Structure formats: C-alpha cells, structure tokens
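There are 2 protein chains.
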Amino acid sequence: MSIRIGILGYGNLGRGVECAIRQNPDMELAAVFTRRNPEDVKILTNTAKVCPAGEAAQWKDQIDVLILCGGSATDLPKQTPEYAKLFHVVDSFDTHARIPEHFAAVDASAREAKKTAVISAGWDPGMFSLNRLYANAILPEGRDYTFWGKGVSQGHSDAIRRIEGVRDGKQYTIPVEEALEAVRSGENPNLTTRQKHTRTCFVVLEEGADAKRIEHEIKTMPNYFADYDTTVHFISEEELKRDHSGIPHGGFVLRSGVTGWEKEHRHLIEYRLKLDSNPEFTSSVIVACARAAYRMASAGQYGCKTVFDIPPAYLSAKSGEELRASML
Amino acid sequence: MSIRIGILGYGNLGRGVECAIRQNPDMELAAVFTRRNPEDVKILTNTAKVCPAGEAAQWKDQIDVLILCGGSATDLPKQTPEYAKLFHVVDSFDTHARIPEHFAAVDASAREAKKTAVISAGWDPGMFSLNRLYANAILPEGRDYTFWGKGVSQGHSDAIRRIEGVRDGKQYTIPVEEALEAVRSGENPNLTTRQKHTRTCFVVLEEGADAKRIEHEIKTMPNYFADYDTTVHFISEEELKRDHSGIPHGGFVLRSGVTGWEKEHRHLIEYRLKLDSNPEFTSSVIVACARAAYRMASAGQYGCKTVFDIPPAYLSAKSGEELRASML
Chain A
35 MSIRIGILGY GNLGRGVECA IRQNPDMELA AVFTRRNPED VKILTNTAKV
85 CPAGEAAQWK DQIDVLILCG GSATDLPKQT PEYAKLFHVV DSFDTHARIP
135 EHFAAVDASA REAKKTAVIS AGWDPGMFSL NRLYANAILP EGRDYTFWGK
185 GVSQGHSDAI RRIEGVRDGK QYTIPVEEAL EAVRSGENPN LTTRQKHTRT
235 CFVVLEEGAD AKRIEHEIKT MPNYFADYDT TVHFISEEEL KRDHSGIPHG
285 GFVLRSGVTG WEKEHRHLIE YRLKLDSNPE FTSSVIVACA RAAYRMASAG
335 QYGCKTVFDI PPAYLSAKSG EELRASML
Chain B
35 MSIRIGILGY GNLGRGVECA IRQNPDMELA AVFTRRNPED VKILTNTAKV
85 CPAGEAAQWK DQIDVLILCG GSATDLPKQT PEYAKLFHVV DSFDTHARIP
135 EHFAAVDASA REAKKTAVIS AGWDPGMFSL NRLYANAILP EGRDYTFWGK
185 GVSQGHSDAI RRIEGVRDGK QYTIPVEEAL EAVRSGENPN LTTRQKHTRT
235 CFVVLEEGAD AKRIEHEIKT MPNYFADYDT TVHFISEEEL KRDHSGIPHG
285 GFVLRSGVTG WEKEHRHLIE YRLKLDSNPE FTSSVIVACA RAAYRMASAG
335 QYGCKTVFDI PPAYLSAKSG EELRASML
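These protein sequence lines map, in sequence, to chains A and B.
Convert by adding 34 to the 1-based position in the first sequence; the result is the number in the working numbering.
Convert by adding 34 to the 1-based position in the second sequence; the result is the number in the working numbering.
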C-alpha cells in the first residue's frame with residue numbers, strides 16, 4: 035500500500051511536491067488543500083481531490099502525511115503546530131534564527147498527539163545542514179564555508195521590485211570563484227560578505243523612470259545590496275521573460291580541516307548543488323522526508339524531528355538489504 | 035564521563051584512530067591491543083595501555099567501544115563477529131561485494147549479545163555511500179557517477195611491486211577532468227573505465243632491471259592496468275621517498291537527475307573529498323561512528339548497523355539543541 039500524501043498550499047512548492055510524488059511509486063497524492071476557491075485551483079494529478087483548507091481535518095484517516103507548503107514568515111509558525119495535532123507533517127520552515135522556537139512549538143503538539151513532524155526540510159536548511167553536521171563530526175578541527183548561487187534570491191528580487199519606477203526585476207546571487215578556490219586550496223581564508231558573493235540585477239523600468247536614481251537606490255540599499263559588489267542591467271520586459279523566468283539556485287558547503295597528531299594533514303569536504311528549479315528540488319527533499327516521517331511514526335518515534343534525526347535509510351524507498359547491496 | 039575506546043590493530047588506521055580520539059574531548063583511548071609483542075609497539079597516548087590482543091576480553095567492562103583496525107581480506111570477517119559478542123564495535127570493512135554476508139554474520143553475534151556493531155565506516159564505503167543514498171532518495175530519476183582520486187591505490191601499488199625487477203613503486207588513480215565536466219554539464223554520459231580514470235605509476239628499478247619490459251608488464255596487466263591509460267615514470271629511490279611518501283586520496287560522488295511534471299528541470303548533486311591522508315580521514319569517520327554506536331547502544335538499538343542506519347545527530351558531540359541552533 036502506498037503512502038497517502040496531502041498537500042496544504044498549492045504554489046510553486048505545492049506543485050513541486052505533486053511532481054515529486056509522481057516520481058516515487060510508493061506514494062500517492064490524495065488531496066490538495068487550498069485557501070483559494072478549490073474550483074480555481076487546477077492540479078496535475080487526475081486521481082487527487084482539491085478541497086478547501088478548512089476541510090483538512092476530515093481527511094485525518096485518509097492521509098498518512100500532510101505536507102505544509104506555506105511560507106515561513108506567517109503560515110508555518112501557525113500551521114505546523116496546528117496540523118501536527120491531526121497528521122504526521124513535513125514543512126520547509128527556513129527562517130534559520132527561529133528554528134529553535136518553531137521546533138519547540140511543533141514538538142509540543144506532535145508529542146501530545148503522538149504524531150511525527152519533520153520541520154525545515156529542503157536544501158538550506160536541509161541538505162546543506164546535513165553536510166555541515168557530517169563534516170563537523172568527522173573533522174572537529176576545521177572551518178566551515180557556505181556559498182549560495184548562482185541562483186535567484188526571492189527576497190532580493192522583491193526588494194528591487196518595491197523601488198519606485200521598477201516594473202519588474204530579478205536578482206542573482208553569485209559566489210565569487212576566487213573565494214571558492216581559496217577555500218579549496220586549504221588556505222582557510224577570512225572572507226568578508228563582499229568577498230564571498232556578488233549580486234547581479236536585471237531590471238525592467240516603468241516608462242520614464244530614472245535609471246540612474248534606481249541603480250543608485252539598489253546599490254546602496256542597506257542589508258540587501260550595500261555590502262556587495264552589485265551590477266544592475268536594465269532590460270526589456272520581453273528579455274526578462276525570455277532569459278530570466280526560471281528559478282535556478284544552488285551553492286556550496288565546504289569544510290576544511292586537519293588531522294594527525296601534529297595536525298599535519300589537511301582535508302577538504304565539499305558538497306555542491308546546481309539546481310534548475312529551487313522549489314522542485316526543495317519539494318523532492320520534502321517528499322523523501324515525508325517517507326521518513328511515515329516510517330518514524332510507524333516505529334513509534336513521535337515528536338518534532340529534523341534531517342539530523344532521520345536515519346538516512348528511512349528516506350529511501352529501498353529496503354536496508356537492497357541499500358547495503360547496491361549503494362554501500 | 036567520556037567514551038572509553040579500545041583499538042585492535044595498530045597500523046596506519048589504528049594510529050589514525052588514536053589521533054582522531056585526541057580531537058574529540060568526549061572520548062578517551064583506554065587501550066591498544068596488538069598481535070605483535072606489546073613492548074615493540076610505541077603509541078602516542080601516554081594514558082593508554084598496550085596489551086596483547088588475547089587479553090582484550092578482560093577489558094570488557096573498561097571499554098565502551100572497540101574499534102577494529104584490521105584488514106578486510108582476512109582479519110575483519112573473523113574479528114568483527116567475534117568481538118561483537120563482547121563489545122560494541124566499529125570496523126571499516128570495505129570489500130563492497132561481501133558486505134551483505136559480513137553484515138549477516140556481525141548482526142547475528144551482536145543481537146545475541148545485545149551489542150551495537152557499526153560496519154563499513156569510512157569514506158567508500160561510508161561517506162560516499164551516504165551521498166549516493168541521499169542523492170538517490172531525493173532524485174529518484176537520475177544517474178550516479180563515482181570518481182576516485184587523485185590518490186594512491188594500495189592494491190595497484192602492491193601489484194607493481196610484485197613485478198620482477200621492481201624495487202618499489204606507487205600508483206596514483208586520477209579522475210579524467212573532461213569526464214567530470216561532462217557529468218557536471220548534465221549530459222548523462224556513458225563512460226567507459228578508460229574514460230573515467232587514468233593511472234600514473236612511479237617505479238624504482240632494481241639495478242640492471244629491464245625498464246622496457248617492466249613498463250610493458252604494468253601497462254598490460256589485466257584488471258589492474260590494461261583497461262586504463264597508464265603512464266609509467268622511472269625514478270630514483272630518493273625521489274620516491276621525497277615526493278611520494280604520502281597517502282592522499284579522495285574523489286567525487288555525483289548524481290544528475292530530473293524533476294518536474296515533464297522532467298523539464300535538471301539538478302546536479304556533487305560531493306567531493308580531497309584528503310591528504312586516506313587512513314586518517316577514514317579513522318576520523320570511524321571515531322564519529324564509535325560515538326554513534328555508543329549512543330545507539332544506550333538507546334537499546336542493538337545489532338549490526340551501517341552509516342545508513344545512524345541518525346546523523348548521533349555522530350556529533352553536540353546536543354540536538356546545539357545542532358539545531360548552530361548548523362541547521
């Protein structure tokens with residue numbers, strides 16, 4: 035019998051989850067829950083239903099794991115503790131600084147209801163976090179480096195679009211190749227914000243807007259751009275659509291460390307992601323975590339969990355025996 | 035109280051374990067067991083004892099985890115099931131094809147004695163295996179590639195040294211950069227053995243040996259060299275000592291896969307190791323696994339385990355709370 039999945043929230047992430055389920059024969063999509071009018075939401079899976087978010091509770095016994103595809107700012111802090119009272123759940127809460135409080139709230143709900151809740155599934159937090167943990171456990175004496183990109187930053191693109199006179203825009207975060215090479219060489223460099231990443235913006239102007247003023251506003255925007263070498267390109271709406279409608283992302287997690295009685299040997303561990311679609315990759319991690327949540331629940335492991343707590347084999351559809359024979 | 039470790043077998047790996055323990059303040063080395071005369075074995079840790087291998091059983095209550103540092107060909111298939119009757123153990127059994135039978139033998143012993151045994155800890159099998167598993171669980175539709183090197187292959191160096199007229203030699207396995215780039219580009223190439231790796235040999239001749247014949251023997255040696263582009267350099271004993279006395283290794287695990295309803299998006303996951311000392315890095319993984327074995331045992335999780343079964347947090351000295359706050 036396959037694992038029955040529900041999706042709450044059908045944006046880029048929800049649709050990515052739907053696509054990922056299709057690639058995993060041990061899973062099926064049962065229903066999508068939406069705050070919009072269900073009739074306005076067209077999904078891709080013929081066999082699944084679209085229901086109002088308010089009806090989710092009625093699906094308690096027809097869904098094994100509910101995947102929460104809302105945003106981290108306001109949706110998930112409320113939704114995850116709430117739905118963990120009814121379902122095993124997975125979310126991709128990604129506000130790093132607030133993970134401890136989110137964990138505590140979800141853990142309380144899930145334990146009380148004997149449910150398993152995996153939070154912060156994705157790639158950062160998620161696969162990048164795992165790689166930081168493994169690398170630190172193996173090389174206790176060393177330094178960590180995380181680089182992001184090349185990829186589209188939603189937050190920075192939004193910041194550009196809020197500027198007066200900007201019709202549309204996209205921002206790419208780009209790791210500095212020289213900085214990456216310095217880390218790989220084992221130099222353990224101290225890198226400033228500016229030395230690690232550059233930012234490139236593609237901006238479509240409103241008619242008659244002052245390009246010079248807008249470029250200045252972008253480049254001097256505190257927190258978002260002022261600490262970076264930023265390049266601004268003005269392009270047409272057609273060019274933006276043609277060349278910049280994707281949502282690629284990725285990055286690098288590196289740890290450079292030493293071993294030996296006199297710390298005489300250097301080692302480098304590098305993990306890299308190059309993603310055509312940020313939300314679809316995130317969704318793919320989430321779906322593997324939904325399988326793990328189902329298995330942890332079956333083993334009586336209730337409460338809030340993160341990728342740090344999941345035995346890797348639980349993420350795979352293969353049996354322990356198959357995994358040992360084929361991948362070890 | 036720290037985790038008390040015993041080491042059985044004091045070669046490169048045993049010494050690496052000793053060095054790694056020093057970097058982990060929650061662990062201490064209690065004793066080294068050797069088949070040699072203990073008086074001939076000089077270890078680095080003042081506070082630890084050197085004892086005959088035959089006395090290990092007497093340390094049952096003074097050692098929490100025994101690390102088995104013997105070889106995979108003949109030592110570990112006997113030792114791991116045997117010592118798993120007395121101790122929680124970790125080994126680095128690396129004969130991939132025989133892992134299932136080794137697992138079964140160790141599992142039977144460990145379950146019976148309520149011990150926890152982690153086998154095949156290291157980087158391949160080990161960290162490379164983990165990365166294959168994670169990448170496959172996330173991207174079910176895709177292709178795997180593993181490249182090794184640049185590094186010294188012990189087996190191939192031994193094969194060179196067995197040739198008549200060879201005094202000494204070292205062999206480096208080198209991944210082909212173009213093949214790596216083809217994988218990274220998402221082409222999903224079919225790569226032959228020859229296209230993936232080259233082999234470079236540094237050979238010291240006996241006086242009067244026939245270089246031409248030896249080069250030919252190396253390059254045509256079945257299994258070891260015949261399927262590769264092999265380069266042979268003849269050098270002096272001094273040069274070999276000066277330039278080739280290290281044991282570096284490493285490699286790459288890549289998975290290239292697709293997501294999306296129409297498989298329209300490509301993704302690349304790449305894990306890379308660049309190691310100055312193969313045995314010391316392997317030892318560092320083993321020691322983190324010893325911590326995990328101790329914790330799994332404390333949680334009543336007995337039997338044979340691999341890295342696939344270990345919740346990542348168990349490998350780290352930090353608490354779950356610390357990990358979530360600092361690495362997630």
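By construction, these hints were calculated from the structure, which means they are not laboratory data.
Worth double-checking, as some hints may not be accurate.
[Claimed, not checked] Reference excerpt, derived from the structure (chain A facing chain B, CB under 8 Å, subset only): (1) N58; (2) A139; (3) I269; (4) W295; (5) K308; (6) Y336; (7) F342; (8) L357.
[To be verified] Heads up, simulated BS3-like pairs for lysine-lysine below, C-alpha to C-alpha not over 27 Å straight-line: (9) A/K184 - A/K253; (10) B/K112 - B/K94; (11) B/K83 - A/K297; (12) A/K148 - A/K184; (13) A/K184 - A/K230; (14) A/K275 - A/K352; (15) B/K119 - B/K148; (16) A/K253 - A/K230; (17) B/K94 - B/K83; (18) A/K275 - A/K253; (19) B/K297 - B/K253; (20) B/K83 - B/K119; (21) A/K297 - B/K352; (22) B/K297 - A/K83; (23) B/K112 - B/K148; (24) A/K94 - A/K112; (25) B/K297 - A/K352; (26) B/K76 - A/K297; (27) B/K275 - A/K297; (28) A/K94 - A/K119; (29) B/K184 - B/K275; (30) A/K76 - B/K297; (31) B/K246 - B/K275; (32) A/K275 - A/K246; (33) B/K246 - B/K297; (34) A/K184 - B/K297; (35) A/K275 - B/K297; (36) B/K253 - B/K275; (37) A/K297 - A/K76; (38) B/K184 - A/K297.
Predicted model only: the values in this text are computed from it and were never measured.
Every residue, glycine too, gets a C-beta built ideally from N, C-alpha and C.
key: Violations among the numbered hints   = Of the numbered hints given earlier, those the structure breaks are 2, 3, 6, 12, 14, 19, 33 and 37, listed in rising order.
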